[in-house]
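Just so you know, the sequences run in chain order A and B. Using the working numbering, the first residue of the first sequence is number 1, and each one after it goes up by one. Using the working numbering, the first residue of the second sequence is number 1001, and each one after it goes up by one.
It is possible that some hints are incorrect.
[Stated by the list, open to error] Listed next, the in silico DSS-like pairs over lysine-lysine satisfying Cα-Cα at most 27 Å (straight line): (1) 139/A - 74/A; (2) 35/A - 97/A; (3) 97/A - 63/A; (4) 1111/B - 35/A; (5) 87/A - 1107/B; (6) 74/A - 97/A; (7) 97/A - 87/A; (8) 35/A - 1052/B; (9) 1076/B - 139/A; (10) 63/A - 87/A; (11) 1076/B - 1049/B; (12) 1052/B - 139/A; (13) 139/A - 87/A; (14) 63/A - 74/A; (15) 1107/B - 1076/B; (16) 35/A - 87/A; (17) 87/A - 1052/B; (18) 139/A - 97/A.
These are computed hints drawn from the structure, not numbers from a lab.
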Amino acid sequence: MKRPELRITPSGDRDLVMTREFDAPRQLVYDAHTKPELVRQWLGALPGWTMPVCDMDVRVGGKYRWVWRHATNKTEMGMGGVYREVKAPERLVTTEKFDEAWYPGESLNTLVLTENAGRTTLTQTMRYESAAAREAVIKSGMAEGVVASYDRLDDVLAATATPR
Amino acid sequence: MQATRRLDAVFAALADPTRRAIIARLASGQASVNQLARPFAMSQPAISKHLKVLERAGLISRGREAQRRPRRLEAKRLEEADRWLERYRQLWEGNYQRLDALLDTLKTQGKDRKPQ
């Protein structure tokens, strides 16, 4: 089956909007965003990385904290924030800040899930503090993205080095 | 820093639906201000204002023909903005492909749990 398209578009001067469809009812998509044992299976679950911290107190005013660690070089990347709105299974508003943020301020993330005929459309809006902050995020591809490409590079190098 | 400001202007310019429509129109060839204004219920000064924003962002330029000064698309600038977004998109695509797999598993488990 063809994968649904992920669309990311800048909106206004400081928002980024992501939309994507999932072939599952929204309750499951919501669970996958709010239950730690499910979150750690997909979010930043890149080969070679573990998620030793995945604490989520999913209620208004509750905090969440996520830390990823690389298995071999022990690099850590942490982030967290606060739940501002919690409305299962359709809406989640959170603040987000990386420990070593490379852009000013935090972002306000609004997750909206709509269901149609057993499929779910996810819309995630990230509002940054300023146009410059949004720019920094896009330009970095996010730290994780950089790490991911290095991991892929490792795979390619390993495959190339294997004698045939 | 210069490059950052420029990309910023590109994203701000593209955030407006009218300006995106103008870009789409110019993608199929250059056009005069009058031609560009036609599909929109807007005055020519209003369209000119949008064109100025696009021009400042380097997304369009003016031709040399003295009377018409047709606007044309500067495709390179648009591609530059697109490239940055593509990196970001790839990162999230990885996350969401893993989420697809997880959702498949959850759906199967849900079916298994139902009484026969």
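Outcome of the hint check:
In summary, the hint linking residue 139/A to residue 74/A is supported, as the alpha carbons are separated by about 25 Å, within the 27 Å threshold. Between residue 35/A and residue 97/A, the direct Cα distance comes to roughly 20 Å. Compliance with the 27 Å bound is thereby established for this hinted pair. A threshold of 27 Å between alpha carbons decides the hint, and for residue 97/A with residue 63/A the separation of about 12 Å falls inside it, so the pair holds. At roughly 20 Å between alpha-carbon atoms, residue 1111/B and residue 35/A fall within 27 Å of each other, so this suggested pair holds.
For the given pair, residue 87/A sits about 22 Å from residue 1107/B by alpha-carbon distance, which is consistent with the 27 Å threshold. The suggested pairing of residue 74/A with residue 97/A holds, with an alpha-carbon distance near 21 Å, which does not exceed 27 Å. A hinted pair counts as satisfied when its Cα atoms are at most 27 Å apart, and residue 97/A with residue 87/A qualifies at roughly 22 Å. For the proposed pair residue 35/A and residue 1052/B, the alpha carbon gap of about 49 Å is over 27 Å, so the pair is violated.
Our distance criterion of 27 Å between C-alpha atoms is met by residue 1076/B and residue 139/A, whose separation comes to about 17 Å. Our distance criterion of 27 Å between C-alpha atoms is met by residue 63/A and residue 87/A, whose separation comes to about 16 Å. Distance restraint check for residue 1076/B and residue 1049/B: the Cα-Cα separation of roughly 22 Å lies within the 27 Å cut-off, and the hinted pair is therefore satisfied. Between residue 1052/B and residue 139/A the CA atoms are separated by roughly 25 Å; this keeps the pair inside 27 Å, and the hint holds.
At roughly 32 Å between alpha-carbon atoms, residue 139/A and residue 87/A are farther apart than 27 Å, so this suggested pair is violated. Under the criterion of a C-alpha separation no larger than 27 Å, the hint pairing residue 63/A with residue 74/A is consistent with the structure, at around 25 Å. Restraint check for residue 1107/B and residue 1076/B: not satisfied, since their Cα atoms lie roughly 45 Å apart, outside the 27 Å limit. Of the supplied pair hints, the one linking residue 35/A and residue 87/A holds, its CA atoms being roughly 14 Å apart against a limit of 27 Å.
Restraint check: the Cα-Cα separation between residue 87/A and residue 1052/B comes to about 43 Å, which exceeds 27 Å; the hinted pair is violated. Our distance criterion of 27 Å between C-alpha atoms is met by residue 139/A and residue 97/A, whose separation comes to about 17 Å.
Violated hints, listed in ascending order, are 8, 13, 15, 17; each of the other numbered hints is respected by the structure.
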